[in-house]
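Visitor: Starting from the given sequences, assemble the full structure and let the hints guide the process.
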Amino acid sequence: MPTETVKGQAFLGEEEVRKVAKLARLELRTDEIIRMTAELSAIVRYVQKLGELDTTDVVPMAHVRLARTVLREDAPRAGLSHDDALAEAPRVAHDGFAVPAFVDD
Amino acid sequence: MESWLVRPISEIAAAVTRGDVSAEEIARASLAAIEHKDPSLGAFLTVSADAALAQARAVDAKRARGEKLGKLAGVPVALKDALCTRGVPTTCGSKILARGARGWHPPYDATVVTRLKEADAVLPGKCNMDEFAMGSSTENSAYFPAKNPWDRSRSPGGSSGGSAVAVAARMTAGALGSDTGGSIRQPAAFTNVVGVKPTYGRVSRFGLVAFASSLDQIGPFAVDVRGAARVLEVIAGHDPSDATSLAEPVGAYEAACGKSPRGIRIGVPEEYFAEGLEAEVSASVRTAIDDLARAGCLIRPIKLPHTAYAVATYYILATAEASSNLARFDGVRFGLRVEPPRGTLADMYGQTRDTGFGDEVKRRIMLGTYVLSAGYYDAYYLKAQRVRTLIRRDFERAFSEVDLIATPTSPVPPFRLGERVKDPLSMYLADVYTLPASLAGLPALSLPCAPTAPREDRPALPVGLQLMAAPLDEERLFTVAAAFEAVSPARSLALPPA
Numbered sequence: 001m002p003t004e005t006v007k008g009q010a011f012l013g014e015e016e017v018r019k020v021a022k023l024a025r026l027e028l029r030t031d032e033i034i035r036m037t038a039e040l041s042a043i044v045r046y047v048q049k050l051g052e053l054d055t056t057d058v059v060p061m062a063h064v065r066l067a068r069t070v071l072r073e074d075a076p077r078a079g080l081s082h083d084d085a086l087a088e089a090p091r092v093a094h095d096g097f098a099v100p101a102f103v104d105d
Numbered sequence: 001m002e003s004w005l006v007r008p009i010s011e012i013a014a015a016v017t018r019g020d021v022s023a024e025e026i027a028r029a030s031l032a033a034i035e036h037k038d039p040s041l042g043a044f045l046t047v048s049a050d051a052a053l054a055q056a057r058a059v060d061a062k063r064a065r066g067e068k069l070g071k072l073a074g075v076p077v078a079l080k081d082a083l084c085t086r087g088v089p090t091t092c093g094s095k096i097l098a099r100g101a102r103g104w105h106p107p108y109d110a111t112v113v114t115r116l117k118e119a120d121a122v123l124p125g126k127c128n129m130d131e132f133a134m135g136s137s138t139e140n141s142a143y144f145p146a147k148n149p150w151d152r153s154r155s156p157g158g159s160s161g162g163s164a165v166a167v168a169a170r171m172t173a174g175a176l177g178s179d180t181g182g183s184i185r186q187p188a189a190f191t192n193v194v195g196v197k198p199t200y201g202r203v204s205r206f207g208l209v210a211f212a213s214s215l216d217q218i219g220p221f222a223v224d225v226r227g228a229a230r231v232l233e234v235i236a237g238h239d240p241s242d243a244t245s246l247a248e249p250v251g252a253y254e255a256a257c258g259k260s261p262r263g264i265r266i267g268v269p270e271e272y273f274a275e276g277l278e279a280e281v282s283a284s285v286r287t288a289i290d291d292l293a294r295a296g297c298l299i300r301p302i303k304l305p306h307t308a309y310a311v312a313t314y315y316i317l318a319t320a321e322a323s324s325n326l327a328r329f330d331g332v333r334f335g336l337r338v339e340p341p342r343g344t345l346a347d348m349y350g351q352t353r354d355t356g357f358g359d360e361v362k363r364r365i366m367l368g369t370y371v372l373s374a375g376y377y378d379a380y381y382l383k384a385q386r387v388r389t390l391i392r393r394d395f396e397r398a399f400s401e402v403d404l405i406a407t408p409t410s411p412v413p414p415f416r417l418g419e420r421v422k423d424p425l426s427m428y429l430a431d432v433y434t435l436p437a438s439l440a441g442l443p444a445l446s447l448p449c450a451p452t453a454p455r456e457d458r459p460a461l462p463v464g465l466q467l468m469a470a471p472l473d474e475e476r477l478f479t480v481a482a483a484f485e486a487v488s489p490a491r492s493l494a495l496p497p498a
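Order-wise, the sequence lines are chains A and B. By my numbering, the letter at position 90 of the first sequence is numbered 90, and the numbering carries on one by one without gaps. By my numbering, the letter at position 324 of the second sequence is numbered 324, and the numbering carries on one by one without gaps.
Don't read these hints as lab results, they were simulated from the structure. Here a beta-carbon is modelled for each residue, glycine too, at the ideal position from N, C-alpha and C. Be a bit skeptical, because a hint or two may be false.
[Unchecked claim] Straight-line Cα separation of at most 27 Å, DSSO-like style, residue types lysine-lysine; simulated pairs:
(1) A:K22 with B:K95
(2) B:K117 with B:K37
(3) B:K95 with A:K19
(4) B:K117 with B:K71
(5) A:K22 with B:K422
(6) B:K422 with A:K49
(7) A:K19 with B:K422
(8) A:K49 with A:K19
(9) B:K62 with B:K117
(10) B:K68 with B:K117
(11) B:K259 with B:K71
(12) B:K95 with B:K37
(13) B:K303 with A:K49
(14) B:K95 with B:K422
[What the hints assert, rightly or not] Pulled from the structure, derived: some chain B residues nowhere near chain A, Cβ distances all over 12 Å:
(15) D50
(16) R57
(17) K68
(18) G237
(19) A274
(20) T287
(21) V412
(22) E419
(23) D457
(24) P459
(25) P489
[As the list claims (entries may be wrong)] Which residues of chain B face chain A? A few of them, derived with a C-beta cut under 8 Å, are:
(26) V332
(27) R333
(28) G350
(29) R363
(30) T369
(31) Y370
(32) R392
(33) G441
Guide: Now the structure itself:
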């Protein structure tokens, strides 16, 4: 377990923060990792307050009122034009969004 | 001409409709006020003078043709920069949406922007905000902090701080903000204006840059309750482009402002008058509740026992949703891109996001990713969803006994710039009274009550009274708010120092 427990309180270690940063696609600098480790630990310690509550039989609430997914009429309609969609692209090639070459990572 | 902007929205619209003043004159007054006042306030990120003047002239031309004008004829309304505007840059307070000096130009207008235009409003500019609406002070803006017009060394609140300041300093007559955990109500309280967070789903979010989709809601700011009611009437209602928008008919909010509050039952939850509440704020709000009793409301003590868990619940759920929503800022389709030479796609993602996002946004993306990650999902995310149910049940129980709930909007008056920004948790705790209504999806508003007394170390500062209602009961909210406004001592603090 990357989360360590000291006197019953969990905190995040630097390794774990690096792992989360990778999941979040944030290339954090070392000084950011160090600062973030302390800040996130303080926040995580605080939110553990929820552990005081017994929620065994309580249904989780994901959304306020959305009981079912609302579907619009299945009729074709105009979307964003090709030009509008590409207008803000940082780099365009072959009439599409251009990105660095990738295989898999 | 500037004097027009100290008048409430209904008077401005009536004057433009009658032809007492042209929409162009009002627009010029608003633009002049922004030019004169905003350098020391920082409320605007973009001023779209040409577009505003063109809109105003179109309103005047419509009147000249003898056509009926809309409810907001010639009324200048400022927009939080989280709202998409075709032809006008939209930054959401972030550098990641400001590629070069040009800024991101959205390919469409938000539904609320379209509705304001259809009602003949004039839109002078885009307002400063905490980056991606993450913050309670507008200090997390990637550009500059907004300042409180009542004391420029203090924060106007956030995240819709710029919108609140635009109205409080009478640069515009109205403004739109967005409220995920208090981002309309708290800045309204800090700047002595009216701010409304409608029922979740009442206003379409199509074209609002998403922060936490189960909580985000757009709402108005105005100097008076009636003005806020009118703007809400214009922007509310079903929109097929937002699957969460409600089909129920829009209420007669402005008409509700003239109704008697007699017999309306108002609950006062003891949990909102507990530790951490500044004594002067408490006294001001309790006096306001006494005034409501004198106006014929029935005051009842109530209990909302899970209030103390709202901050923890919110910061798990909102960050989890944000970490997912903000995944779209990847440098591929719009906004900033940092592309290292011979770098991979992953390098581009990572460096674009590290460069483009500010500290608070990174912190929340990290927290949200953490609480959703394998091994922690049940302990944090699912647990918070269960507590959210408990918080909602508290309100359901309360609303079986009372019609509205009255509380302070913020436990403290406006704090100093820099006072909390270095300690994220202390900033989060400033939202303790506004988060529960957000989690339960309730409509809530903040309106000015008695300011604090001036002291050696600070001038008189605004205090907000928060009123909450059951879902879709905005009308009763406006009735009671308007009744209180008529007797509110905050009127003595009506205009900030020039």
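Visitor: Are any of the numbered hints broken by this structure? If so, which, sorted upward?
Guide: Hints that this structure does not satisfy do not exist here, as all of them hold.
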